[in-house]
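From just these sequences and the hints, can you work out the full model?
Protein chains in written order, with the numbering used here: chain L, 72 to 418; chain G, 72 to 418; chain Y, 72 to 418; chain P, 72 to 418.
Just so you know, not all the hints are guaranteed correct.
Pairs count within a copy or across copies, as identical chains cannot be separated in the list.
Computed list of lysine to aspartate or glutamate pairs in EDC-like fashion (alpha-carbon distance at most 16 angstroms, straight line) [as the list claims (entries may be wrong)]: (1) 302 <-> 176; (2) 373 <-> 211; (3) 302 <-> 210; (4) 302 <-> 376; (5) 73 <-> 394; (6) 304 <-> 176; (7) 208 <-> 146.
I should point out that these hints are in silico values taken from the structure, not numbers from a laboratory. Owing to the predicted nature of the structure, the values given are computational and were not obtained by experimental measurement.
Chain by chain, the residues run as shown.
There are 4 protein chains.
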Amino acid sequence: MKALTYEGPHNIAYSTIDDPKLFGLDGAIVRVTACGICGSDLHIYEGHGFSADLGFCVGHESVGEVVEVGSRVSEFKVGDRVMVTASTGCGRCSKCRAGFVLACERGMAGCYGLGAALPGSQAEAVGVPAADGNLVKLDDSISQDAAIMLTDNLPTAWYGARRARIGVGETVAVVGLGPVGLMSVASAFAMGAGRVFAVDLVPERRARAEAMGAEPIESDDARAVIGELTKGKRCDVVLEAVGADATIQLAMGLAGLGGRVSIVGVNQSRAFPFDMAMAQILELEVVIGLCSVQRELPTLLKLVERGRIKPEIAVSHHMALSDGPDAYALFANRVDGVSKVVLDPSR
Amino acid sequence: MKALTYEGPHNIAYSTIDDPKLFGLDGAIVRVTACGICGSDLHIYEGHGFSADLGFCVGHESVGEVVEVGSRVSEFKVGDRVMVTASTGCGRCSKCRAGFVLACERGMAGCYGLGAALPGSQAEAVGVPAADGNLVKLDDSISQDAAIMLTDNLPTAWYGARRARIGVGETVAVVGLGPVGLMSVASAFAMGAGRVFAVDLVPERRARAEAMGAEPIESDDARAVIGELTKGKRCDVVLEAVGADATIQLAMGLAGLGGRVSIVGVNQSRAFPFDMAMAQILELEVVIGLCSVQRELPTLLKLVERGRIKPEIAVSHHMALSDGPDAYALFANRVDGVSKVVLDPSR
Amino acid sequence: MKALTYEGPHNIAYSTIDDPKLFGLDGAIVRVTACGICGSDLHIYEGHGFSADLGFCVGHESVGEVVEVGSRVSEFKVGDRVMVTASTGCGRCSKCRAGFVLACERGMAGCYGLGAALPGSQAEAVGVPAADGNLVKLDDSISQDAAIMLTDNLPTAWYGARRARIGVGETVAVVGLGPVGLMSVASAFAMGAGRVFAVDLVPERRARAEAMGAEPIESDDARAVIGELTKGKRCDVVLEAVGADATIQLAMGLAGLGGRVSIVGVNQSRAFPFDMAMAQILELEVVIGLCSVQRELPTLLKLVERGRIKPEIAVSHHMALSDGPDAYALFANRVDGVSKVVLDPSR
Amino acid sequence: MKALTYEGPHNIAYSTIDDPKLFGLDGAIVRVTACGICGSDLHIYEGHGFSADLGFCVGHESVGEVVEVGSRVSEFKVGDRVMVTASTGCGRCSKCRAGFVLACERGMAGCYGLGAALPGSQAEAVGVPAADGNLVKLDDSISQDAAIMLTDNLPTAWYGARRARIGVGETVAVVGLGPVGLMSVASAFAMGAGRVFAVDLVPERRARAEAMGAEPIESDDARAVIGELTKGKRCDVVLEAVGADATIQLAMGLAGLGGRVSIVGVNQSRAFPFDMAMAQILELEVVIGLCSVQRELPTLLKLVERGRIKPEIAVSHHMALSDGPDAYALFANRVDGVSKVVLDPSR
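Written out as structure tokens, the structure reads:
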């Protein structure tokens, strides 16, 4: 089949690879009808990926149709319209049943397309392990673009916002307005935020957040501007969706007394320079984590089905899978007002 | 001055009465620029009021300008634009400081216009006791109609919804779509409700709720219809805003497993026939109460200032204070698509 | 095998009945080493049971050893020391997986020993359906008496206390000091209650609660006495563990402003006379429900294993299964300082 | 009067200083009957204090009797038995009324004995500003030692534990078993902790915690030992009560998946090396802060009055105020099994 593969830094290729094989009796194979490029795919693209492999199929956001199921799969059948959640687990241990698949007790916690071990889904088809736990049936009311956002970006944003325990009427800042940041804006409003400041360097991204009801703020003097707009109180909650040292520092600086800073951007530092003195005076709370997608979906599916969150708003580009190499370059360079790119394997 | 007075069942008069006097050194006098008619005013109108007095000035929802303050008032001065909260307390005891003015430890819990003891505010002016605790300064961003709704109806609705602990994405029903019911719809959405069923007999009221995003339901077969729309699950939360035995029974019947029923409609029964058997099987939670307005305002002022709740949407009629007798009849008879009536004492 | 059977009002017999049969491939058979008599068994004894059957084996609280398992049982094997939870479900639907077995989506919600459909466990052995969901392995640190309390009485008490959301330092009253009431006292303290009033007519029961740290209160003038002891504030939380109309009325009368009344006593009234007027003034919250045992066990097992709750304190009598008829009479008549009776089928 | 004064590093003197003067019409003077030495007093003793002043009276924990009040003090009178809270505020702004005196809007946030600005209370008497907000009346049931603990150490510990939202049955570790650490152990148990690990280098301190029900753990291999005792799960909550970089690192290492680390030890680093990578994998939550004593007291007074927390258990030494210099040396050197030292100004 055709697929996008990683061939080295800044080198994503449109390749022909073997068709996916069934992961045992619990597995399934999904024909991909749409797949997304995620911010974390750029780590791989830039050569800072999660394995040393080459030639593996990338991508972990996909929607499609079940075309084959193992004999022990009980909840899905051929023909079902499904989304493939970015995170995987065994689906049966107590942690997986509680939705914490990234803490799977059977050691099946993982993610597609980070290396050769579990091939990705920017392809014509993808093999899904433990399908009963790692597929989700899609209601007709959920569009393909919305479903792509539900595989990873929206749950990640929601998870961060949920852990920050946003109270109705509270003031929130979102640092970084990529797809996860935009979904953080949507999540904050859905939870009842009174006002949301949307901070990014890129004007098109700020404009997109503004259209969602947020107040756009340029990054450079965000602390001063937000300080002024809030009469010195700054924010009850800050959602960080980038993961760089500088943006985490900025996020902490936007918190007011008793503020909660929730970081879903990935930062791999073992010694991030944390300002304890400030945190103590401001009585801060800092939460950090990686999202188990499955845990967030029950609430999110309801909200998307009822139109309370419209995640497709983040999608800026639809391209053919064969244009994948160009799509990566476009997304990496943040040009053309790019936000979310969705690829179509049928083209 | 001119004022509306209660002269017996179905007899509200436009009368001339004495000007208000200052309630001691802590009191203030407010020139009323707008005043609302509340559902509980109809109890008085119907002759089922809260005292046996005649000739007293009615009404407990007003907005205006401070024209006189006692020497111990520290937070307000002549010329301030204020709203007069429906509930009163001393403002200084620990209960009042915590916002529970209806539990005032100095015995000053009360409400305007329920009898001769504390004259009402459907008048050209109103005397306010303990002004520091019973007045609220109004930001310019809050319209007069919004402010009227903030004196009683919106806080009452919010209080009921808040105690029901509406979770993001949950399914809510509101029983009764008078001004409090409409504000219950608004509150549920502001708290993140996934869907809201709006139940009333009157088509215009349902239409008003539908315009706010709710799904209109006729009262007669509400249980069956909502059961079908929710595939038998019915509602996570039911907000009751009428207080009649029948509507409370209806509200309880709309709750699903683990449902929470919050009653803000006033029901004076000492032996309401409560279905314990059903409540036990469904694991219901029932909350009942009267709202201390002051307690709810900090959050609500933020939400109204930021436009997250637009309470003026409930106002259907503006009339002159001199037309008060007609306004009462209109509201009592639920004609002309009436929802909230606001009276202007300058006319 | 030998078993206790219901033969009509006030007639429990020590009989010989058929050995239990396996409930299909998911079932198991447990040799009973101890079984308890529950307050709800007395409903059956008094002739107000839950079915019209005669001659069926009664009882729903048992501990023992697995002696046979169906081929699809994966979590238990012959020889395991287990408790049999009073409530049953399929163990696999989403409701059961979340612990709400009484809302089992496959229609398997039930309880042992209420009729012929699912025979009881006051016997030498009991057949358990869906064993993976309806058995619980017992840590060696949990005594047999503690385990009996964990099958029903303690989870029921805990469930009621948990839903009342007892805050640290709060004042609690428990109405009714049978085994569930005593466990309510223990639960309240484990949740951090500041003081607990224990209300019952029977001196020995009050003494038992007092030994647990509670303040004993005679029922007759409980409202006045507790009012005085709390300087008129009465209680933040009231836990009702009887279910009679009179005790529910008493419980509501013990609640203070904003009080929460949680009822786990079984009351089958369709028209309990509920004091709405008082509930509104006091801003009460009333929660009613039946406990799904499985849902409460994860927390309770930890607390009992660590010695934070010592449920065996409620056990007053150990008797032989063959003495079952006498044990029922003793428990029904509340004589001999009886609290919990545990029966031994080996005697 | 006689008082302890700071005369340079390792030099606390028993001196004669001026009697305290009344802080205006809102102030009061308290004759000190007992005063405590706090861990933060050791920062001053070591020469790392909070001001460059010399000769000022130290100490911020005291209990005594009101001997003079300004004319605007309404809640206290001469003769009242009171405790002097370590933190001060105006007592009237919205922040102070909500208990956040350290965020006092009138700029009166402070603490006694940190410099010449607000003299300390290790003296025969202390001047208290804004007495209505900074004194607390003592019930007879509260002993002098308990009251000393309530001025600072217990509220600080409670504040840290409360922000960690300890759930009933959870596993907690306390790092550092000085007076605040011991009170953290007590707080965790009062909130319902299932088990508490108590970590310190000093055997006597561990013994004291063990007597309170905790499991003593030597610091050196705490992570390994606790890992083993919890079968690899480690702790739900870790309470840090030292503030050194090493103990904060240790605390973070004791947290399990989804763990909450609450830091009340004072750490002034602007660049503490924070392990983001670990925090993300473990989905940690880190809370840091300084305690506003007033905010915690309503709950704590109830718990101490009811005997649920016995803070006097931390007091190891009673000495005369004139022995203050020796007392500081004893406490600083952690000898003689010292925990809390209480000084008596009458000796």
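Legend entry - Contradicted hints - numbers only: none
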